[in-house]
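A.B. asks: Use these hints to put chain B onto chain A, whose structure you have.
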Amino acid sequence: MDNTFLSPYFQQPLALGADIVIHSGTKYLGGHNDVLAGFTVVKDRELSEKLKLIYKTTGACLSPMDSFLTLRGIKTLALRMERHQENALELALWLRNHSRVSEVYYIGLPDRPDKTVIDSQCSGYGGMLSFRVDSPATAERLLKEVKLIRFAESLGGVESLLTYPYRQTHAEVPEELRRRLGVDDTLLRLSVGIENIRDLTEDLEQAFQAAAGQGKGNADEMVPCAAG
Amino acid sequence: MAYANGIRPETICVQGSGDRDDQYGAVSVPVYFSATYAHPALGETTGYAYSRVNNPTRDELQKTVAALEKGTEALAFSTGMAAVTAVFELFGTGVHIVATDDVYGGSVRLWEHLGRRLGLRVSSVDTTDLRKLEEAITSETRAVFLETPSNVC
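Sequence order for the protein chains is A and B. Under my numbering, think of the first position of the first sequence as -7, with each following residue one higher. Under my numbering, think of the first position of the second sequence as 445, with each following residue one higher.
Because the hints were derived from the structure by calculation, they are not lab data. Only true hints are included.
Derived EDC-like pairs (lysine to aspartate or glutamate); straight-line CA-CA distance at most 16 Å:
hint: 1; chain 1: A; residue 1: K48; chain 2: B; residue 2: D503
hint: 2; chain 1: B; residue 1: K507; chain 2: A; residue 2: D36
hint: 3; chain 1: A; residue 1: K67; chain 2: B; residue 2: E454
hint: 4; chain 1: B; residue 1: K507; chain 2: B; residue 2: D463
hint: 5; chain 1: A; residue 1: K107; chain 2: B; residue 2: D573
hint: 6; chain 1: A; residue 1: K44; chain 2: B; residue 2: E533
hint: 7; chain 1: B; residue 1: K514; chain 2: A; residue 2: D11
Isolated chain A (complex conformation):
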């Protein structure tokens, strides 16, 4: 059971009956987009011994410095997860009201049909959402026009990142399956960071406007990219 998206702060799969939990520690656990890490967690001693044998034999262990960085990240996991969630919910509602957005997917939206299942498994909803825009061209322009939010893979860091699953995270998934899952060229994924929410909505709004052609010719007036 891969628990990367919610982190143990919002969901503990072992307590729900899973035998093995997997994490990309690069994401919420590390939390700062500055370290790569992964985890397995088990409750059964025999299973643990088997995994430890594989671990010491294959050698993909985490370095001392990266262990320290991940530990330091975890110190603020609770605070970060609360803020990620607060921003994600606000942004999901904002996107839902946007004329260029046709659908928003966020497990924290109160009217989701699977809300009962969600609430029986986790104590919070995290900071990951995705949304569908009106055309592939709009998706492509948004990726180019965001300034504060960065167009990058990965998730779970304090910085907001916009991803294009069709060409990035799900590029390896067969086309027929991607279509069935709705992972097409109008879908964007947003890892909502812990910035001020108004800066995030303003950045998205200016990107939508630029995508619609309203921002053309104003290049000289554009504010320099605040995220460097």
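C.D. replies: Chain B in isolation, oriented as in the chain A frame:
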């Protein structure tokens, strides 16, 4: 453990495993850059021999993550995919796995790669439908691989 069981998640995040055995009382966990560890004598150990197997800084991280996940033991890998790979190493050759249909593409790439080499077969199933999940499980199925919430939600 220097503090009692039942400590709350926010406190585990900040305080870690609760081990307080640093000789200088360091509040921040020291970074032990040592690749290897000297043995007091033949047949005696400090608990450490070589940092691929264990390292004091990594041990504290592993204990912290295990505590947060309510598990007994955690292992810290160099990447998330290294952790997924280790789990797939558990299953051996010629086995069947059922997986959530919208898992991360990197996991799909791993089992396509391993699948060819190890005879691993993975069925992608809409695991929100329990009937479909039950139908996909056969006598050769060794595991169900889930992401919840899944990637892209």
